Amino acid sequence: DIQMTQSPASLSASLEEIVTITCQASQDIGNWLAWYQQKPGKSPQLLIYDATSLADGVPSRFSGSRSGTQYSLKISRLQVEDIGSYYCQQAHSNPTFGGGTKLELK
Amino acid sequence: QVQLKESGPGLVQPSQTLSLTCTVSGFSLTSYNVHWVRQPTGKGLEWMGVIWTGGSTDYNSALKSRLSISRDTSKSQVFLKMNSLQTEDIATYYCARDGLPGYLDYWGQGVMVTVSS
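Keeping their order, the protein sequence lines are chains A and B.
Counting with our numbering, you get residues 1 to 106 for the letters of the first sequence.
Counting with our numbering, you get residues 1001 to 1117 for the letters of the second sequence.
In isolation and in its complexed conformation, chain A is listed as follows:
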């Protein structure tokens, strides 16, 4: 199985700050990578797919990038509604998720 190592596990940031979360794949997955946001008590929501494509309705302050087998999610200017947990997921084979990043306000 493909392992996804996500970091950091938790993150505290201020409003308007730039936030970056990363995922490292255990093998080449190409661009088969998604990011999900999960707000407390809610179901996960797709943010980004194919490593860099924004899902419908997702604000443009979210972006995804890839460097080899390392993938990053960037929030350009943190807003209060961005607080929650974030997960990466590889779609190269049967899905596996990263361990998650809990994003809190400083």
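Read the hints as simulated data drawn from the structure, not as lab findings.
Be a bit skeptical, because a hint or two may be false.
[Unchecked claim] With a Cα cut of at most 16 Å, we get these calculated EDC-like pairs of lysine to aspartate or glutamate:
hint : chain 1 : residue 1 : chain 2 : residue 2
1    : A       : K39       : A       : E104
2    : A       : K39       : A       : D1
3    : A       : K42       : B       : D1105
4    : A       : K102      : A       : D82
5    : B       : K1064     : A       : D1
6    : A       : K42       : A       : E81
[To be verified] Partial pick of chain B residues on the chain A-facing surface, computed with a CB cut under 8 Å:
hint : residue
7    : P1040
8    : G1044
9    : L1045
10   : S1061
11   : F1079
12   : Y1094
13   : G1102
14   : Y1103
15   : L1104
16   : D1105
17   : W1107
18   : G1108
19   : Q1109
Since we're looking at a predicted model, the values are computed, not measured.
C-beta: ideal position from N, C-alpha, C; glycine also.
Using the hints provided, position chain B relative to the given structure of chain A.
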């Protein structure tokens, strides 16, 4: 619009079988794959398995011996059955649509399952 809704008992006795139903609307099970994902409280997401548009299935290797996913296309329902439940199986169980190949674009609200006698 696209909707998925999980249903089933919130409490299962240890060693018994969990049976959950995912009722979908707004799309056909013969056009989209449906996955099951679970999440222990306060922890991360674990992919459990998928039923493909043709009716075949794939399972997480860690759960494969205990897990079965099936469907009734006429009722737009997907079923999850997992036997030999233990406390490690306490979690919220989600069904989700595979709308962009490999990616889960719509999720149900989830159903919380507790294992206790």
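Outcome of the hint check:
| no. | hint | verdict |
| --- | --- | --- |
| 1 | A:K39 <-> A:E104 | holds, 11 Å |
| 2 | A:K39 <-> A:D1 | violated, 28 Å |
| 3 | A:K42 <-> B:D1105 | holds, 14 Å |
| 4 | A:K102 <-> A:D82 | holds, 11 Å |
| 5 | B:K1064 <-> A:D1 | holds, 14 Å |
| 6 | A:K42 <-> A:E81 | holds, 13 Å |
| 7 | P1040 | violated, 12 Å |
| 8 | G1044 | holds, 4 Å |
| 9 | L1045 | holds, 4 Å |
| 10 | S1061 | holds, 7 Å |
| 11 | F1079 | violated, 19 Å |
| 12 | Y1094 | holds, 6 Å |
| 13 | G1102 | holds, 3 Å |
| 14 | Y1103 | holds, 4 Å |
| 15 | L1104 | holds, 6 Å |
| 16 | D1105 | holds, 5 Å |
| 17 | W1107 | holds, 4 Å |
| 18 | G1108 | holds, 7 Å |
| 19 | Q1109 | holds, 6 Å |
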